[in-house]
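Novice: Here is how the chains run, residue by residue.
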Amino acid sequence: MVAPGIPEVEAAAGEDLGAGSLEQAPHLLAVVDHEPEVAFPIRRLRATLCQHQELVSHVDERHSAQAPAKLEVEQAAVEGERLVEVVYLQHHVIYADEARHRTSIGFAAMDPAIELQGLERRYGERVALAGVTVSVPRGATLAVLGANGAGKTTLLRVLAGLLRPHAGTARVLDAELPRERWKVPAQVGYLGHEPLLYRELSGRENLQYHARLHGVDGSRVADLLAAVGMERRADEPLRELSRGMAQRLAAARAVLHDPPLLLLDEPRAHLDPAAAELLEPLIGRASGRTRVLVSHDVDGALAEANLALGLRAGRQVFAGAVEAEAARELYR
Amino acid sequence: MIAAAGAILRKDLRLELRTKESVPAMTLFTLTVYVLFHFGLDRDSLDGELAAGVLWVTLLLAAVIGVSRLFAAEREQGGIDALLLAPVDRTSLFLAKGAALFLFLVAVEVVAVPAFGLLLLGPGLGGALPELLLILALGDIGIAAVGALVAALAAETRARELIAPLLLLPLLVPVLIACAQATEPFLRPDQGPEDLGRWLTLLTLYDVVFVLLSVAVFDYLLED
Numbered sequence: 001m002v003a004p005g006i007p008e009v010e011a012a013a014g015e016d017l018g019a020g021s022l023e024q025a026p027h028l029l030a031v032v033d034h035e036p037e038v039a040f041p042i043r044r045l046r047a048t049l050c051q052h053q054e055l056v057s058h059v060d061e062r063h064s065a066q067a068p069a070k071l072e073v074e075q076a077a078v079e080g081e082r083l084v085e086v087v088y089l090q091h092h093v094i095y096a097d098e099a100r101h102r103t104s105i106g107f108a109a110m111d112p113a114i115e116l117q118g119l120e121r122r123y124g125e126r127v128a129l130a131g132v133t134v135s136v137p138r139g140a141t142l143a144v145l146g147a148n149g150a151g152k153t154t155l156l157r158v159l160a161g162l163l164r165p166h167a168g169t170a171r172v173l174d175a176e177l178p179r180e181r182w183k184v185p186a187q188v189g190y191l192g193h194e195p196l197l198y199r200e201l202s203g204r205e206n207l208q209y210h211a212r213l214h215g216v217d218g219s220r221v222a223d224l225l226a227a228v229g230m231e232r233r234a235d236e237p238l239r240e241l242s243r244g245m246a247q248r249l250a251a252a253r254a255v256l257h258d259p260p261l262l263l264l265d266e267p268r269a270h271l272d273p274a275a276a277e278l279l280e281p282l283i284g285r286a287s288g289r290t291r292v293l294v295s296h297d298v299d300g301a302l303a304e305a306n307l308a309l310g311l312r313a314g315r316q317v318f319a320g321a322v323e324a325e326a327a328r329e330l331y332r
Numbered sequence: 333m334i335a336a337a338g339a340i341l342r343k344d345l346r347l348e349l350r351t352k353e354s355v356p357a358m359t360l361f362t363l364t365v366y367v368l369f370h371f372g373l374d375r376d377s378l379d380g381e382l383a384a385g386v387l388w389v390t391l392l393l394a395a396v397i398g399v400s401r402l403f404a405a406e407r408e409q410g411g412i413d414a415l416l417l418a419p420v421d422r423t424s425l426f427l428a429k430g431a432a433l434f435l436f437l438v439a440v441e442v443v444a445v446p447a448f449g450l451l452l453l454g455p456g457l458g459g460a461l462p463e464l465l466l467i468l469a470l471g472d473i474g475i476a477a478v479g480a481l482v483a484a485l486a487a488e489t490r491a492r493e494l495i496a497p498l499l500l501l502p503l504l505v506p507v508l509i510a511c512a513q514a515t516e517p518f519l520r521p522d523q524g525p526e527d528l529g530r531w532l533t534l535l536t537l538y539d540v541v542f543v544l545l546s547v548a549v550f551d552y553l554l555e556d
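First to last, the sequence lines map onto chains A and B. Mapping to the working numbering: the first sequence position 264 is 264, numbers consecutive. To convert, take the position in the second sequence, counting from 1, and add 332; that gives the working numbering.
Some clues are possibly wrong.
Partial list, derived from the structure: chain A residues whose beta carbon lies under 10 Å from chain B [as the list claims (entries may be wrong)]:
hint	residue
1	Gln-117
2	Leu-162
3	Leu-163
4	Val-184
5	Val-188
6	Gly-192
7	Leu-197
8	Tyr-209
9	Arg-212
10	His-214
11	His-257
A few chain A positions that, by computed beta-carbon distances, are all more than 12 Å from chain B [as the list claims (entries may be wrong)]:
hint	residue
12	Arg-126
13	Pro-178
14	Leu-271
15	Gly-300
16	Glu-325
17	Arg-328
No lab work stands behind these hints: they were computed from the structure. Values in this document were obtained by computation on a predicted structure and should not be read as measured data. The C-beta atom is built at its ideal place from N, Cα and C for all residues, glycine as well.
So that you can see chain B by itself, here it is in the shape it has in the complex (with noise of 0.2 Å):
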């Protein structure tokens, strides 16, 4: 299973390479949002909940693109039946899919949140380092595992550029607000970590609970 979806993951990242479908979009999409926050809201900098709020709102919008194109070349291109026709457990796709989502959302990180310190951030990010980085990582956890599942359920049907952001963002509500909370003591002048622990075990939590949960249905959702 490990080795079937290290075949398929591997497929996936040399398509984004070749295509640059994806992260690209992705990444201009955030950038493009913390402009129009920056000019949409008149104001030179923000702090503490709103820069929170701004910062994880767009990475989900973000997401909700990745998500869309999760399964764009199996779906175009036959890779689907080509998955079914291999001898290879389901949830081996689902690992490949969650862990190339994964990895889009970090490419993504890397440019849109030193952009966002920039463009919107008042205190700066770098005596909090670790910790958000933690919290970008469990967080990005959650939505690859959300992400997968619900790209898998909306390839088959008509309307996936709909059903993808309609079953998404719901789910992934607790993500939201688990990652801005934990966020928000680092975004503000006087950072310090307030129930940091609370959040991570929180966001932990939902991981756990998301990957098992996805790794259990994930067969259902290919039957025809």
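This is chain A alone, in the form it adopts within the complex (with noise of 0.2 Å):
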């Protein structure tokens, strides 16, 4: 079956796929070999490379005079041999436009996820971020890291749309903030201190609610409270339930409309280990979103980050690959 609506993988489908056809649709660059909808032409793409391969061996056996055809097949053949090296043992993974079909493992086939330039932003005369410059691949994990009052919240509303930047610039999934702040909404999950869900609703009804400003079908629902575990008190008000049940459902209202782009402030404060591994797909890295972490827990947050950024009193202090010790000198 092909990708229904993406123009590329259907083309991609009726011929032959070679380097040509890849280098001109970067999207087939990204297909997961999970979701089989969009992995055919890559396995065709394995087919085409065999048969090189066997013409490969059959002119070296029987025909070696014949150096011209001998030359151009195995052209072909390195060729596909390092489309396929990319795509399966690199273990990198093909970007589409759709968010069902994203991917994962920090490969950066496409414009960065987010791009901060010089990012400042303000509370009346206090400089709350300053000079905050950074890139975020698609699909990669970006730890924010320092101590409290360091400006990490205030990145991320500012990320989500939340907040206006006061200087610099800032881009979030092709959308230039704050002048095109409209288009963020609908492509960012948020999950910060606050689980922004009515106490006196349950659960459901809250998701629901969620939904229904999403325009998301309400079927979903009833799938994410039985991914967050919550199925069995889902219809109970929000007060009766634990903080950590509420980060659950929190976490559901997050990614209720299958966001590319999660913003996680602490997302697994008030989890259990259990409830935290639950939640695992749908906020953690397997969940191949890109993703901006908000934590105090440098080692936890490091080992599961593409990039780290560091932030002390608003001012950048890193930003990129960082060893452990260096980040923990933020706290001290």
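Assembly of the complex is requested from the two constituent chains, each provided in isolation within its own frame, with the hints serving as guidance.
Specialist: Written out as structure tokens, the structure reads:
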């Protein structure tokens, strides 16, 4: 089955998939093997490569005098091998435009998901963020580290479009903030300190309300309640649930509209280990989404991040790969 | 936009049914004020201008309670952030909040107006009920439009309990004048509509202007 709605994938299914067509359609450089609807073109590429290899062997064994033919076939095989290596051996995953075809493991085939350049945000005279410059590839996880009051939550709120940047540039999933703020909400899942749920409503009612706001089919609510292990207590008012249960529902709310970008502020706060494991496919690295993760657990955050941003009093201390010991300096 | 406004309105009505924070407080307030007037004025019954003034000033003051609580759930439970994080037009929030306040006022008046008739009014209201309902509806639309606007403006301020009535009541003076003037002839012993069309036109114009104005500026009120 071919991925519907992605012209490059649909077109690729009907033709030989060579290096040229892959280069012209970078979407194809990000197909996920476990998503069968988009994996077809890659399987076809593999089959084509096998045919080329057979031809090379055939030429080697029987027609060694026909050098030009051999060269041509070898070139195709090498090209095919290179592509397969990219896709399979290095575990790079293909990116497709639609959220449902999103990918994982830090492969930046497209524009970065987040690009900040000299970002600044003030509260009155107080500078909350200044000079923040970082680029986060699609599918990657950025760990934001820093002591209390370093500006971590402010950064998340700016990225979510809840606060305006006062200087610098900020691009979030192709939306330039604040000018194109309207593009952001549909693409961002925000899990902050507050669950953003009404205490007098049940978990199901809260999620149904958010589903209506996001134009999401109501059936997804039941699926998510099951995914976060809250089916049994879904109809109890939120005020009667523990903070950890509210956090599970908040995680369900954050991914209700299947956003490609997650902004997570201490997402595992109040969760027991079993609940944290339960939420992993939704908000963890396994979700395949681009993530910005604020955490005080330096080792944990660095372990699941591709790059890190260190903040001290709103100023950027580091951005990129960092050793845990250097990150801990932020808290001293 | 209408679907989102419907979702927010349903949520607000459900919250009000569960918490019973606004409508019972507003109703109790109006009943208490009518009783206070009953004893304070030391009269068995009112009519004419005085009766119209007491009716509408009390309803406006009750509306202040509703306006102060209109964004309480959003403010206290992060609902405004949740709305800003949803891909919905902010006008839908204004429409929902305005509709919720309108329905709260109607619920209050279902109890308060008959109580006013019983406690304070000399002549009965029965003969002028259709006209009175029309005046109440137009007055409520104006109060709801301005109330939702002021509630959003005050929601993110520290002195919101102070700011809401200080902004709301002066803006509602035209509503008070038009409603009281339109109602007054029906509260006299010799009931009969005088200049009713003029006051209803004024109320309609006020409603249209403030609904349009609120729709135009509501987006900016929620900017950080």
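Novice: Would you mind marking each hint as holding or not holding in the structure?
Specialist: Hints and how they fare:
| no. | hint | in the structure |
| --- | --- | --- |
| 1 | Gln-117 | violated (21 Å) |
| 2 | Leu-162 | holds (6 Å) |
| 3 | Leu-163 | holds (5 Å) |
| 4 | Val-184 | holds (9 Å) |
| 5 | Val-188 | holds (7 Å) |
| 6 | Gly-192 | holds (8 Å) |
| 7 | Leu-197 | holds (7 Å) |
| 8 | Tyr-209 | holds (5 Å) |
| 9 | Arg-212 | holds (4 Å) |
| 10 | His-214 | holds (6 Å) |
| 11 | His-257 | holds (8 Å) |
| 12 | Arg-126 | holds (15 Å) |
| 13 | Pro-178 | violated (9 Å) |
| 14 | Leu-271 | holds (19 Å) |
| 15 | Gly-300 | holds (26 Å) |
| 16 | Glu-325 | holds (36 Å) |
| 17 | Arg-328 | holds (31 Å) |
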